[in-house]
Amino acid sequence: MINMIIDGKNVTAPKDTMLLEAIRGAGISVPTLCAHESVSRSGACRLCVVEIKKGNRTRIVTSCLYGVEEGLIVNTKSDRVKNVRRLVMELLLARCPESDLLQKMAKEMGIEAQPRFTPDTDKGTCILCRSCVRVCEEVVGVSAIGLFARGSRKTVGTPFMEQSDACIGCGACVYVCPTNHIVMTSTGEKRKIWGRNFKMQACSKCGKFFAPVDQLKFISKKTGTSMEDLAVCTECR
Amino acid sequence: MTKITTAQALRQVQEDLKKNFDPTKKLVTICAGTGCRGYGCIKVKEELEAEMKKQNMDVEVRATGCFGFCEKGPLVIIHPEKIFYQQVKIKDVPDIVSKTVANGEVLEKLLYRDPETKETVLKEEDVPFYKKQLRLVFGQNGMIDPTRIEDYLIIGGYTALAKTLSEMSPEGVISEVKKAGLRGRGGGGFAAGIKWEGSRRAHGSPKYVIANGDEGDPGAYMDRSLMEGNPHSIIEGMIIGAYAIGASEGYIYVRNEYPLAVLHLTMAISAAKEAGLLGKNILGTDFSFDIHINKGGGAFVCGESSALFASIEGRAGEPRAKYVHAVEKGLWDKPTVLNNVETWANVPLIISRGADWYNTIGTEGSKGTKIFSLVGKINNTGLIEVPMGMTLREIIHDMGGGIPNGRKFKAVQTGGPSGGCIPENLLDLPVDFDKLYEVGSMMGSGGMIVMDDKSCMVDVARYFLNFLQEESCGKCVPCREGVRRMREILDDICAGKGREGDVDLLEHISTGVADGSLCALGGSAPNPVLSTIKYFRDEYEAHIKDHRCPAGVCKALITYSIDAEKCTGCMLCSRVCSVGAIHGEKKRAHVIDDDTCTRCGACIESCKFDAILVK
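Chains as they are written, first to last, in this note's numbering: chain P, 1 to 237; chain R, 1 to 615.
So that you can see chain R by itself, here it is in the shape it has in the complex:
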């Protein structure tokens, strides 16, 4: 692309591109996020292209960013009708091309089918998963090819940057972001505008802006999908931020485990530079700004600001005491603004549509939308973007489609490993930064792990503490030693070796670890334990006093047996049992030898008659 040197010229380029873009033209989009790639969507795409050729059809097949509905991938949309096909396989391709693309004929079997009403749904926006969403930041993912800057320009990309550079002062940008009430999407929820203002006022040169893409919470992948699917929106946000605070250099810190995100970001940066939207004299103005990509080694703690700076500086990713804020002394002790990937992607929206509009979305203290990743025991796994203030019930039941296999909802863990578990009686909680904090959890980066009644909350707490123990940098004593000791006690409780007073001791260690740790990793590490004790204390008591795991998870506290009434003697369980613990003759009730049984659960999964009992 030739260099664009004025805001006027950018508008012209966008207009010219739009002329070649006919919205009534046939187009096939296919989700090519990492999830759908795992399902084999690239082969489906290639097959679609080959089939088009074979049938002499000139229709573009566009691999786009993530659509969000990962549960049902690979996902294909046929435009302009917007027919939504899910779980598309290679063998479906000839019919899609000859029937749907050529003649608009709908293939019923590929449509989404409501599991309750059994009715099919034709369009994406009518699928319950999407219906209540407000996909302002994430929605464009599904329309654009993230490897082409032209696609981003057609949907109005870089208009906010042009507006910023031609019409707004740096102070004006900051005041707009402050007015919008944009809060950091990475966890803390700190007001972005205030951060920017602090950094603008700080002395020191150069100043830096950084996008934090060190997404490390188990089950969270919204930042990855944004970096993969719409890298230019993040870059545009960063350039606007850099102009506002007076930064000349920026970094995107992205994990090396996100190769597609790294690739798309790299392509986007070089395309933006070529177009004169990044680098020296952006859009012909005096403002210059460059972005580097820094690939992280995958340490969870590097998402913490001071550890992230250390990592970029080439030192071990360890946090340091932050008594002087990063806005004054951050990367290389220079004024630095570090925001999460999703926060940056919100900035162009705020600039182009205005803070007043942004203020109409969300709750009083939390404006705008939030992307959540919905995982765990949920029917519709995927990424959703909803206005702040939507209730957990709407998210889990309406969009998430509830709990699989007719099981009962038990709790949802929000905010990743340092968040908390929220029980069923709080399902009507409107989700925003402050409300989640009030109930002992947090927004975090937006992970939501749903658990059903087969999840043991002590085991859940143990899982998260184990993760945090592994991921603690090990610098300060309360986090390094305290989290380990907490996990050891939880191990004991799950192994039936819990002692009277363990729960109180866990609470005692928790307060010391939370108060005494150097950084937020240790500071919030006790949350999974404290929140499960708060809402599920009876489960802890059952483990310790009665040597019983009510959810039937902790192996040392359960026994497997077979209900002789229900068992038909089909022998399936005895065949799947890897240790030969199940005996019995054909068509006679079987028995499990408790001494041999390892409680692996294979028999439960194999039994079609619900005859395996766990007590």
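With the rest of the complex left out, here is chain P:
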């Protein structure tokens, strides 16, 4: 076990865990937007920053990516930490003024929108946390969506924003999106996501539409299970 001092408290945490888990384990809350349990971490949102002290040197690190270290002194509420978190929230509120999640988090953190920033109208509620991109690559394994352009023009989407052949319509991206930015509409036999319509498979037993045919084909190819076996919904299996 690793011993640390977090906000003045002695805290122990297992080796090879990240600071974020150690801090939360100690009952201290840390806001996050881009850390999702299903995917690897990227450190993009910067909300989880904390101030660490080693010897005489202090610095700001993202707790989601910084591994626990023996003797580390961690401050999760220093002025520098609060300043970064406030700025990040102000910037995200200006980017996605419509996001309910951001509104709620800001209220909890006692942060208001910065009136000097003109709110964006073209970003929807996408905060570019990239959870969708990572789940598509790391969990689903198709990399149908990605990030393109750079700087403030950075966007998530399918290549050239065209209908993607690689997309299997599984909706994992929708599931991990913290701000409900990705829209998926399902109407019985059809599902629409990322601008493409998917044909849904009806369960061979109960007749309920339960998954896109392309997703089942993908699973069949990967696992060797026949399409016939896969055409039974999870409830009837």
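To be clear, the hints were calculated from the coordinates, so they are not data collected in a lab.
All figures in this text were calculated on a predicted structure; none of them were measured in a lab.
Just so you know, not all the hints are guaranteed correct.
Derived BS3-like pairs: lysine-lysine, alpha-carbon spacing no greater than 27 angstroms straight-line [unchecked claim]: (1) 82/R <-> 123/P; (2) 3/R <-> 54/P; (3) 334/R <-> 15/P; (4) 329/R <-> 15/P; (5) 334/R <-> 54/P; (6) 43/R <-> 132/R; (7) 322/R <-> 154/P; (8) 15/P <-> 322/R; (9) 534/R <-> 82/P; (10) 435/R <-> 54/P; (11) 435/R <-> 53/P; (12) 329/R <-> 53/P; (13) 534/R <-> 54/P; (14) 322/R <-> 77/P; (15) 322/R <-> 82/P.
Computed, partial: chain P to chain R, Cβ under 7 angstroms [as the list claims (entries may be wrong)]: (16) 45; (17) 46; (18) 105; (19) 111; (20) 115; (21) 119; (22) 152.
Glycine included, each C-beta is placed from N, C-alpha and C at the ideal position.
Given the structure of chain P, go ahead and fit chain R onto it with the hints provided.
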């Protein structure tokens, strides 16, 4: 070239080459860096060769790397007298050949003329631009043809490598580099020897060495000139570094916008391999090392180490958190040493001449020399190499020749877009890594952009923030959104829409962006804003409170008018005005229609009587 298999054989090859190289022989060198190529130096070279043939003269015309004095290109030196000709044109060629080369007769009109004393200067080393320089790394550029490995061998090239492999242990190399106090020339100024040591000790195989040639600062081109002009010095440094840390593979990351650098590096690598200086069993030893060239797509952020690794690995050039250092987990998560091109080029010098000698140059915390690119409102645009600790005043006034058109110096931006603006009262600052940092700027890769009193510092900050906003990778929120919001506020201030409290807000955003960003691009992005607020706060106030741009740059805050006393009615301004905003009769004072005027400045440039007023 036949394979050289021992250190002894290398010495023999160098000796043999030197025998054919008579320093008293006539030789014409012409700068063929990208700058001089832009001036048309290749045509001048061809013309020189044709003229030699015509006049039956057997004199070599050698296209070399960049001489540095880009302001005055094309540059030609006639050896052995070392007569320095500048701004040479094709029509000058017959005289150069028949008079100077054949008879040693000096053509006065092609010599450098001191703008103040009006006296001509005969030799390169006496030209004020070169006089105070110490061109240890960059100087050989002007002597060698970068496409010939033989030229590099004649000037003692690869001697340091031979010494390393035959006399030194890897630890010995590292301790020498540490003792020399070599600090990274790419920006951070981290001690190279410590980096190497960390990587040598790190577990993991293979290990990599990389040269960072992703030079992207506006106005900076010293790395390009080194890669173009003396590629073997970088390669030799990398091989020595690879031996020291135990690396078997190396990369040179160079922008694709540097085609000449790519070409010369490619030629140099293949020549070094052919000569047995690179590849398997270098100089007949057990040590093998190979170098690949990786052409970058031109993203500024790819100069950042982890983004550079991502780019080489074939992923988008985005930085990642560096809580585990690259010396342990770098390229493909293997121990990696990444140094700047110029850092590598310093290594052979340190090995062949020793750390004690290297320590005699520079300041206490910054040893050796540094190449700077001097651009902007400066008389002598070009590349200079000076010992660390030279003052900004010496660099800008003595070498740079001061500010053009008799204008006043206002500030110098060092360290590229993430550096800071240094004002006139700090001109006596000795330039080294620590001193620049103390005044809110940084060394960066060595760009120096000089500004005169016609430069608006708010506009300068806006320019750099705009650059950084474009070049931010967009991964983390503080950099992607914060830099954009800062630029929007600066846009407003320049457009006369600045609000009370904007300066404080800019400072507030700056601290959050600097603390919260993932990599050094965001971490240092607020520097241009913070340093201009620190030294030129009154200019911000003038924009916001008085709706006035003191330097007369921000179009929304200035009006053009004509001084009726000075105007002679020559009509020149009314002719150059593209929107027809200037009216008046011949020989009568003209007037500018403020509503039509776009403040493009064409009238100011055309007026010979200084009659256009900007307020």
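Hint-by-hint comparison with the structure:
1. 82/R <-> 123/P: Status violated; Cα separation ~63 angstroms.
2. 3/R <-> 54/P: 52 angstroms, violated
3. 334/R <-> 15/P: Holds, at about 22 angstroms.
4. 329/R <-> 15/P: With Cα atoms ~19 angstroms apart, residue 329/R and residue 15/P stay inside 27 angstroms; holds.
5. 334/R <-> 54/P: 26 angstroms, holds
6. 43/R <-> 132/R: 32 angstroms, violated
7. 322/R <-> 154/P: 22 angstroms, holds
8. 15/P <-> 322/R: Given that 27 angstroms is the threshold and the Cα spacing comes to 19 angstroms, the pair holds.
9. 534/R <-> 82/P: 24 angstroms, holds
10. 435/R <-> 54/P: 26 angstroms, holds
11. 435/R <-> 53/P: Cα-Cα ~26 angstroms, so holds.
12. 329/R <-> 53/P: Holds. Residue 329/R to residue 53/P sits at ~23 angstroms (cutoff 27 angstroms).
13. 534/R <-> 54/P: 31 angstroms, violated
14. 322/R <-> 77/P: 23 angstroms, holds
15. 322/R <-> 82/P: 22 angstroms, holds
16. 45: 6 angstroms, holds
17. 46: 5 angstroms, holds
18. 105: This hint is violated: residue 105/P lies away from chain R, its Cβ roughly 13 angstroms from the closest one there, beyond 7 angstroms.
19. 111: It is violated, given that the least Cβ distance between residue 111/P and chain R is near 12 angstroms, above 7 angstroms.
20. 115: 10 angstroms, violated
21. 119: 11 angstroms, violated
22. 152: 4 angstroms, holds
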